[in-house]
Each structure stands twice: as C-alpha cells, then as structure tokens.
Amino acid sequence: MADTDKDQVKVSDKAITMAPPEVLSKIFSFLDQRSLRVCLLVSHDWRACSEPVIWRTYSITTTDFVNLFNEPDKDKFAININEVFFKNCHHIRFLNISDVHGAADTTNLGSWEHLEKSLPHFKYHLPSVAPGAVLAANPGIRELRWDTGDLTLGNEFVFLLKRASRDLKKLSIVGNFEGQEHFIIKYLIKGDKEEEEEAGPPAIAQGDNDNGDTVDFKLEELTLKETIYSPFGNSVLNVKVLCDIPGVLPIRSLTILDFRTIQFSNEPYQQYDSLLNILRKCPNLEKLCVSFDMSSIPDSSSESFLRSHPYFSFLPFDPYLIIKQDDFVDVMYSSCPKLREIEFGMARQFTREHWVAMIADYGSQLESLSVWGDVSKFDDTVFMAMMDPSTSHPPRDRLHCLTRLNINGMKHLHECAWMPLKHLPQLKEFRARGVPLDATKLITKGEDAWTCKGLEILEIFVAIPKRAQWNCGNQEMVTGWWQKVKLSCQEDVLEKSNQIQIKVCEMIGRLTQLRELRIEGERSTLFQCICLELTLETGLDRLAPLQKNLEKLIVSALDEKLCGRREVEWIAQNWIHHQNRRWLERHSPISSRSPSSSSSPDKNGKSEQTSCTGTELDDDGGSFPSPKLKELIGISTQSSTSYQSEEEARSNIEWLKDQCPTLRVCAL
Amino acid sequence: MKVTLESSDGQVFTVDKEVAELSVIIKEMLVIEQANQDHPIPLLNVGAVELAKVIEYCEHHRNDPTIDDDEDYDSRKKPIEMDDWDKQFTIVNKEMMFELILAANSMQVKPLLHLGCRYAADIVKRMSPTEIRDLFQIDDDFTPEEQDKIEWEKQWTKL
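Chains as they are written, first to last, in my numbering: chain A, 1 to 668; chain B, 1001 to 1159.
Misleading hints may appear alongside valid ones.
[Claimed, not checked] Derived EDC-like pairs (lysine to aspartate or glutamate); straight-line CA-CA distance at most 16 Å:
1) B/Lys1110 with B/Glu1153
2) B/Lys1149 with A/Glu83
3) B/Lys1094 with B/Asp1122
4) A/Lys87 with B/Asp1064
5) B/Lys1110 with A/Glu51
6) B/Lys1125 with A/Asp32
7) B/Lys1149 with A/Glu22
8) A/Lys225 with A/Glu353
Honestly, the hints are just simulated from the structure, not real lab data.
With the rest of the complex left out, here is chain A (with noise of 0.2 Å):
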C-alpha cells in the first residue's frame, strides 16, 4: 500500500499537466480575463486552451472594428492586428461592437456633421463585408450587439444575419436605421430563402432543416434602437414588410427604442400604422418594451428627467407609436398572450380605458411593469385598481407575480404611489423617480404599513409639508402642483418634522434586503415641501439595518446634510466598518463627541489618519469582512441651509474617503 502510496503523489503531481483539454477549458472558464492572460504564456497546451475562452466574449469600437477590414496602409500594426483577429475570431461566442463615445456623441448634432466630415469614407466603408466576414469565421455566434453609432445601416445587414448562424439568440443593433430595419425583420420572419434566388449564391452552408417551411431561427431576444434625433430625421420604424410576408417571429423579447413612429403600410402615417402589427407577428412574446433610452443621461432627477433626453428637445410632439385605437389592447392580448414584462415610456396615447384593460388582461401574470414618463392617462384611478383589486369593476386577480414596477416622473400619481409598498408584498424593485411622497401620509398608515420587506431597489422621492404652509388660514391649501396638505395637529412644526423624518428613516431601514436605496428631493423651494435630512437628529441612525445588505446609496437634489461631522463618522462607523472591531476601538464612540468640536475637525481627522493609516493596511487587511456598501452618490456639499461651510464639507468627506478606501463617495 505504501508503494502505491508513492506512486500516487508521482502521478498526482502530473495531474494537471495530463489534464484533457475539456478539463483544461472548464477550469479556465472560471477565471477572469487577467488570469487566463496568465496562463496564455504557460505552455502550448495551456495557450491552446485559454485562448479559446479569452475570445469567447469580445468587445471592439466601432472604429477598431471598421479599421480591421480597410485597406492596411504602410501602417505595419494594422496587419497584424488584422492577423490576430482573424486567426482568433471563430472562437467569439458574445460580440460586441460598439463606440464608447457613440452614445454622448448622439446627444449633439453638432458632433454628428463633425462625424460625418472627418469620416466620410464610414458610409461606404462599413459594408457587408466587414461584419460578414467576421461571422464567416465564426457560425457559432450566439450574441451580437452592434452599435454602428451615427453610421447609416444599409440592407447589408441582411448579408451578416445570414452569415450568423441560426443559433444566434440575441441581436441587437443600434444605428441609424433609414428604413432598412425592414429588411432585416423580413428576413428574421422568412429566412434567405428567397434571397437565395434572388440574389445569387447562398451565404450559409445548407443545413439539415432546408426542407422545412419553417425558418429555424433560435432568435431569443431582439433588439432595435434608432439613433438620430433630428426632427426631420427618419426616427420611423419601418416595417411594412410584415404586411405580405407569412410567418411568424419566434422572438421572446422584443425593444424598441428612441423611434418615433412606426410605418406598417407603404403609406405613411396611415391609420392603421400601429405597433400591434408588430405584435401580431410575435406569438411567443415574453417581454415588450416601447420606450426611449435614458441611460446615457447620467443623473435624471424629476424633471430633467424627461427634459435632458435628446428626443423630447426636438420634437414637441407626442410619438406615434401607438394609435388611438379602441381596441388595441384586446387585440395586443389576443397576438401576445405570453407577455410577463412590460415596459412603455411615454406612452401618452393610451387611454385610461387601454390602461385598465391591460392591467386585467395581463395583470395576474405580469412580472415587471414600467409606466414612466409624464403619462397622463395611467391615473390614479387606473393606479389604486391595480393596487387593490377590491376596488376595481369587475373585480379582478392581484397582481400577485409583479415584483418590479417602475412609474418614474409620473409626478400625477403622487397621491397613491405609496401603494405598491402597501399592497404588492412580493416587490423586489420600486422606482419612482419625481413623484413627491407626503411624508405624513406615509407614517400615518401605521408601522408596518410597508409589506414589501424583500425590497431590493427602491428610489422614492419623500416629501415633507412646510411650516409655513401648514399654519395658513383653515389648515388646508393647495401647495405647488403636488399637494393638499391636512393637518390634524398644531404641535411645534419643526419639531414635528423631524419626527415625520425619523418615522420615515424608520420604515426605509426596516427594509434590510436593500441593496439600492435612492432619496430624491427637490432642491428648488417652489415646491414648498422639506426633503429628508438624513442628520441624526432626523433619524439617519434608524437606517443602521441597512448595513446587512446596501451596496448603493443615492442621494439627488436632496439637500441632505451626509457630509457633516458626526454624519460621515457615523457612516464609518455603522455602513462600513460596522463588523471591524479594531477601527471601532480606536475610534471613541461618537456619542461622547460633542458637536461643537466641529471647529477643528480638519486637525482632528488629518492627525487621526496619519497616526492610522500606516498600520491600518497591516492590521487590518482582509481580517473583516468587506463591507456591502460600494458606492455613496450625490452628498451635496453646498446645501442652502447647511450649517457648515463648503470647505468643512469637503474635508469631512476626503475623512471618510481615507477612512473607507473600498467606498466610491461622487459629491457634489
């Protein structure tokens, strides 16, 4: 036994070295892209196997990508980039290709003749070729994104959809389309078949379903987002090819982004011009969304939400995607019987009427539901229906499945927004961006009035009545747009209102599995209302809980006072260091701080870090483990009513940086 024994260790110190390369490969699969960089240099046997998963996602410039297929000139390095991609490119599985400047860039009209000019052989110059060729090399595709940026597709993209292979799941292309989308859709509905006899040589090799009527598409997810925001421009959604082909779209998912209006029939802006035609030809639909991109606007608070996008800047007009139909959501049931997310931005041409019957058509299967943008007609009526079904004629299912609902900026609903943490207990996410909350309102419906404990998202904008405005005339008045405010009591109101904050800050960190937490405010006082403060006199302590599970915390147009002393020692303490017993130690509790020591608290926190931070690294590395929250967005440092100079701001906040190397702090 002992022999074997030894033999054993012989044998097990070769293991790896004899590994087989599917072992190779499932071992590298679990390394990130400097690790198998690593292992590229090991041998020949480990390269063969690492580089296959290094290419496996790919992600290229638009610009890199175009350059890849012109012309080397004298350039020596662009061959032999050209060398390597190709020898490597059948190994991509997820590609994309896009400008990470394309989305800014589309912002500004001015950069886009810029574009135009410096580049001119870009229209040209990005022909089928370029991407056909690479999915040539590569019929294993199952992912493509490409985003052309400001370039002009043409119906070469039909060429590259044929090159990718039918197990293409996800496509998604972003560009200026100018009508050719049809081409595309055509051919996703009916294959080359006909393309074929039409324009010569078949691109992909016949595969064993070529009897079949059917196209096998495995097509999962698709994609389309428009990109030139010119009010003359061709922001249509071409697809009156749908009106002759038979045949469905096999599709799952489908988004349709920044279009403006839709073109079914060869004649524009007829009548029947609608997005069900669309839905008619998706079956299988799981998730829709008809909306406008607003992720390359960093920060939309209320109202520059909606302002900021490029799109509403240009067109005054409301988008035409949905006509004002009787029946459209009968028929959108009847075509997608499947659907479970639903998103619409700026949907202004649903009515009330659309709006309910869509809540009792999908509502007992629905998952996610997006209502965004300053949708009139999604009213309070349509909202509390939703909310509770007892209500609602004839009565109806709960919405027992939505566990993401987002109705940002829609400021009208701010009567009945805090329903959903009421009434729909199985809520993951929440967004509600721009619709002020009464803070009253929220308090007075009890202490576990919010069901919603397993709440991981939620961005609430809380709103707290003024003083002056609570002790005019005969306690009730109008305040700004939002408002009525009741009062049932003449306590003194400040102190009223800080406990109106405490109760609130009570409630949020009852909701521990947070993992983002955004308090919006309004900072302009026109709209007569206080914002949270988060002090701790004003209840920042009873967010403590939140430690378990908060990665991100923002703060936007709150007038919040994070940044003060015993505000950011606080954070320290509880947000990050909570479970790091030698940095609480040396840090006196702060309960025997007094507040008035804030006149020095520059000394006090250089001398504390120069006596710290050597031996912090040492003691402390990896003994802890790190803490949840990342990321601390927005803390304003100028706030009109701070009691602190900017400069005491500041200085609190590089404290907290020192002290919290692993918390990305963004102030403002």
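Following the hints, put chain B in place on chain A, whose structure we already have.
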C-alpha cells in the same frame, strides 16, 4: 439496488445504484449491461483513494437536481453556490483535488467536476506563469520568439 465498482487497483466498492448514477459513464454502462450485473464495473482510470472520495461526494449529493451542462453557460456570470459540506469536502491537499478532478472527468460526475475546476481555478488565480509551471510541473515549451509574439498579441488585444 446495489452496484459494485472496481477501482484501478482492484478495490471493490458497493454503492446504491442511484448514487452510482451520478456518474454519467456508470449510468450509461448500467443501461448497456443490464443483464450482466454480477461483475463489478471496472474503472480503469480511478484509484481506490479517489473512488472512495468520489463516492462520498455522490452519497451526499444523491438527491440534488442535475445541472445542465450547457455550452453557453458562462460560469463567470453565475457561479453555482457551494454549501458548507462542499467547502469541507474541498479541504484536501492540492494533489488529491487534482486527482479528484481527473476522476470526476473520467467518470463524468458533472457537479464534482464543476466543484473541482472551480477549486483549481482559485489556485491558478494570482499565480505567475512560472509558478503555475512549478506547481503542475509543466515544461516551458515556448521558444523565446514565441514568447515575444504572445506578449505582443496580448498587448493589443487589451482583453
């Protein structure tokens, strides 16, 4: 129902059929050799020590749902959770674990292979090429020119 398995060094193990069937290879063998179950199933690539360990793993995970071995599955995106038992199980020396990976591979015990590869990946992470070669006793079979070329390719791929 019981199944007997024989390791490469001749040791015989008796296990429940459903336990043994976590190995895709054994499962297939059992289908083929249904009539012929008196003889132990020979596992020519697996030593007794490893086999015992593999069986220990299979016993514990006998009721787990099977995982799909999808080619598109990207392990980096969605790691499979390890439970405490698994963590305990992986506390063995490196050699043993590498042997287990090979055993799991030859027997096609997918979840164990998954676990082992993840373990191996954790070891390889943060290592330099030289350290990896030392650990696995791999010969550096690159010529200096090849070395340069790889370095150069690496540079521009900016992966």
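Right, here's what the structure says about each hint:
1. A distance of roughly 34 Å separates the Cα atoms of B/Lys1110 and B/Glu1153; the hinted pair therefore is violated under the 16 Å criterion.
2. Restraint check: the Cα-Cα separation between B/Lys1149 and A/Glu83 comes to about 12 Å, which is no more than 16 Å; the hinted pair holds.
3. Distance hint between B/Lys1094 and B/Asp1122 is fulfilled; the C-alpha atoms sit about 11 Å from each other, no more than 16 Å.
4. Restraint check: the Cα-Cα separation between A/Lys87 and B/Asp1064 comes to about 42 Å, which exceeds 16 Å; the hinted pair is violated.
5. Among the hinted pairs, B/Lys1110 with A/Glu51 is inconsistent with the structure: their alpha-carbon atoms are about 23 Å apart, more than 16 Å.
6. Note on B/Lys1125 and A/Asp32: the hinted pairing holds, with a Cα-Cα distance of about 8 Å set against a maximum of 16 Å.
7. Annotation: proposed proximity of B/Lys1149 to A/Glu22 is violated, straight-line Cα distance about 25 Å (limit 16 Å).
8. Taking the CA atoms of A/Lys225 and A/Glu353, the gap is about 29 Å. The hint is violated against a cut of 16 Å.
The structure does not agree with the numbered hints 1, 4, 5, 7 and 8 stated previously, though it agrees with the rest.
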